[in-house]
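Visitor: Letter by letter, the chains look like this.
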Amino acid sequence: MPVENSNTNLNKTIIKIEDFSFFYGNNQALFGINLNIPEREVTALIGPSGCGKSTLLRSINRMNDLVDEAKHTGKIILQDQDIHDPHLEVISLRKRVGMVFQKSNPFPKSIYENVVFGLRIAGKTNKSDLDEIVERSLKDAALWKEVKDRLKDNALGLSGGQMQRLCIARAIANQPEVLLMDEPCSALDPVATAKIESLIHELKKNYTIVIVTHNMQQASRVSDRTAFLYMGKLIEYDETEKLFTNPKEQQTEDYITGRFG
Amino acid sequence: MALKKHKTAQASGEPMVWMTAMGLSLGILMILGLLALIFYKGLEVFWPKRVAQIEIKTEDGHVQSLIGEIVLKRERSSHKISKKEKSEDIQRELQIFMGNKEALGQAFRFIGQDKIEKISHPQDVIKLERLEYGSAMGVPEAIYETGKPPVLYKIKEPFKKRFEELVKQYKQRWEEIRYIEKHSIGKINIEMEGLTLQKKKLEKESETLSQPSPEIQKQLQEIEKETQTLQNQYQILADQAKALRNKQKGAQLSLKLANGETSKVEFSQILEYYYPNQLTQWQRIKMFFHKIWLFLSQEPREANTEGGVFPALFGTLTMTLLMTIVVVPFGVIAAIYLKEYAKQGFLVRTVRIAVNNLAGVPSIVFGVFGMGFFVYMVGGSIDQLFFSQKLPTPTFGTGGLLWASLTLALLTVPVVIVATEEALGAVSQNIREGALGCGASKWQMIQKIILPASAPGILTGAILAMARGAGEVAPLMLVGVVKLAPTLPINSQFPYIHLDQKFMHLGFHIYDLGFQSPDSEAAKPIVFATTLLLILLVLLLNLGAIILRERLRKKYASGKF
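For the record, the sequence lines run as chains A and B. Everything in the first sequence is counted per numbering that gives the first Met the number 0, starting at 0 for the first residue and increasing by one. Everything in the second sequence is counted per numbering that gives the first Met the number 0, starting at 0 for the first residue and increasing by one.
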């Protein structure tokens, strides 16, 4: 199926996905995806359950390496570098491409230690540097005001929405170029969801964000561009406004009007 | 359709609820019963009982009198009694502890209740703990000292004062003698041994040389000189001890026994004393705790049937802790590989089953393995390599603290592996991905996130291992436990922790007292007391680990084990 990448109003491309297919054992999950993700914009991946959007997202920081018998063909290029290059360390990739998960997963440590986790394992120990990064990351994640007096408390004592923002703070403490979000609001109430959404608006000034969402309203609210996937294939990829108001493909229209999925 | 009621109890499953509940209650009852028995019997030993004077009718109509503690009242075994004489008194018999083993020949006696004429509690009875022959009981008559007029018991105040003075004086001197013999002379012995080894080594060296080397000759002479000084020091100390020992003779207490005879007790024999029928309740309680303290802090005497269990307690504690220090890292590392790194497949499954089965292997098999592998192979090789000058006396080539700990570590490692694997598996995939997503390598993820989060579960494994290891006796008999160890495995002699030394163990102590003792009646109370102590020790170790686990659990609140 031909996929049109409209080039109007496009920032510089940061991630280039070229003819990317992915297999779980003998099951093919993705079929020849071609996608250019622009810098400092929010790109949403939508589609019905099992369409491969999470698989695609997790391929970008090679989180799928953890799955036994996973294999792939094609390329994903981050800033002119093939992420599957055997000489490239996965760890350095994951530092450049941070991730926020569907279910918030703070470590059973203090709030402070959660934020500096990535820095500590990278070997940074200077206390004042770390303090500064903690403050900046928590401010960026709009959590600073709520937790600044209890940084030493266990992170598991936070509310669901706070935990998710803490995970965002933890991801951006590493200063990644790209932030992947896998349905970050699916376990949150509407108030917490609204907070995260406005946070995404703020974050896109500095970071490239790729977000998987089930919620089409959310996709239309937060994203600049939207990709619709169906049965492992990329059906349509366009500016969000265009895709939602004037979809080119029948399947896209069916999906966004709620006729299936 | 209307909802139906159960027609029978069967259908509601009620009988099964009852049956399962009964099974559980039965188990709990049995455990509680066992604990209650051990607690009661174990603590009863220390309670200062009143001493009774019992008058009994003998067959020929005479009246015989004896003094003792009533230890046990029990039903007579039924086949001895014909049905006609089935009165209460005939059926019951008393066990009396009379002490004075050297005078009476036996310390315990059974008496039918029907034979008893009168039981009274004379005020003047004194009970003495002695160095030898167990305790003595009787009415004091007088103190005899060479060259002094006897101090009679009838004149209360001077007797009491002199008696107290003498007991204190003799005890002090006895402790002095022990210090000299065990500590000072022991130290010289160790130094001498070192010199002898040096000498042997030099002599061997000079044998290999073709010409006698003046260097070696000089060193040998020096050693000779040092040996001589040590010998002199030893002589001085030995003379000191001998002089003290001579002073220990001379003072005696004469006791009137129940059968009318008089027994003389040397003051050097008396360790503790009290008047069992004069104690107030408060004094009795104080005495009770004092006796417990003596039991815990003293060394055993008289083939372990008297005195305390301190060396056994200390040995058990040291061995268990050493075992835990070995087994936990070993088990955790193995479990990490099995769970985190190994490719899950047929091989890993087989290994896992094998590990689980290892937990079911009879412990004596581990003992045999420990002796064959650790003691003879590893220990023997160590001796060949590092202690060859001491051979044929083995250093590590014989049972000892290290080999016992390693053998038990091997025995308990499956418990730690299984518990750790479960704890590692309980850390959610979600958190693992979080760590990897932050750029952690697999090892960093395990080290920084998974291990802390599974620490409570690992500690559960350690607790189980400790409980199992502390109570194990059979393998220890092969790899280093002895009936009586001359010194503690940790003491003030360099290198302080003696891994090669044999040690005492509470479990073995129980076995030894209960089944190997020449006087099993006399040993019975101590068996119960030692059993209680072993249970309490395991409880204490576990409690420590549980407190640690709770603190960790609070810290890493996600751990649910």
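Check before you lean on any hint, since a few could be wrong.
To spell it out: a stretch of chain B is covered by chain A in this simulated footprint if at least three of its residues, at any positions, have a beta carbon under 8 angstroms from a beta carbon of chain A; those stretches are [said to hold, decoys possible]:
hint	segment
1	434-442
2	446-453
Computed list of chain A residues with no C-beta within reach of chain B, every gap over 12 angstroms [as the list claims (entries may be wrong)]:
hint	residue
3	E40
4	R93
5	F100
6	S103
7	S109
8	I120
9	N173
10	D181
11	E196
12	K204
13	N205
14	K241
15	T256
Hints listed in this document are in silico derivations from the structure and should not be mistaken for laboratory results. Nothing here was measured: the structure is a model prediction, and the numbers come from that model. Ideal Cβ placement from N, Cα and C applies to all residues, glycine included.
Visitor: Does each hint hold? Answer for all of them.
Guide: Tested hints:
Taking a C-beta to C-beta cut-off of 8 angstroms, the segment 434-442 of chain B contributes 7 residues in contact with chain A, enough for the three needed, and the coverage statement holds. Coverage of the segment 446-453 of chain B by chain A holds [criterion: at least 3 residues with CB-CB distance below 8 angstroms; count 4]. Separation of E40 (chain A) from chain B is adequate, the least Cβ-Cβ distance of about 22 angstroms exceeding the 12 angstroms criterion. Under the 12 angstroms C-beta cut-off, the non-interface status given to R93 (chain A) relative to chain B is violated; the minimum distance is some 4 angstroms.
F100 (chain A), annotated as away from the interface, has a beta carbon of chain B within 12 angstroms; the closest lies near 6 angstroms. Residue placement check: S103 (chain A) does not keep its beta carbon more than 12 angstroms from all beta carbons of chain B (closest about 9 angstroms). Chain B draws S109 (chain A) into its interface by the beta-carbon criterion, the shortest separation being 9 angstroms against a cut-off of 12 angstroms. The Cβ of I120 (chain A) sits about 5 angstroms from the closest Cβ of chain B, inside the 12 angstroms cut-off, so the non-interface label is violated.
Distance check on N173 (chain A): its Cβ comes as close as 6 angstroms (rounded) to a Cβ of chain B, failing to clear the 12 angstroms threshold; non-interface status is violated. The Cβ of D181 (chain A) sits about 10 angstroms from the closest Cβ of chain B, inside the 12 angstroms cut-off, so the non-interface label is violated. Residue-level check passed: E196 (chain A) sits 21 angstroms from the nearest beta carbon of chain B, beyond 12 angstroms. Distance check on K204 (chain A): its Cβ is at least 22 angstroms (rounded) from any Cβ of chain B, clearing the 12 angstroms threshold; non-interface status holds.
Chain B leaves N205 (chain A) outside its interface by the beta-carbon criterion, the shortest separation being 18 angstroms against a cut-off of 12 angstroms. The non-interface label for K241 (chain A) is consistent with chain B: the shortest C-beta to C-beta separation is roughly 32 angstroms, beyond 12 angstroms. With a cut of 12 angstroms on Cβ distances, T256 (chain A) stays outside the contact zone with chain B, its closest approach being about 34 angstroms.
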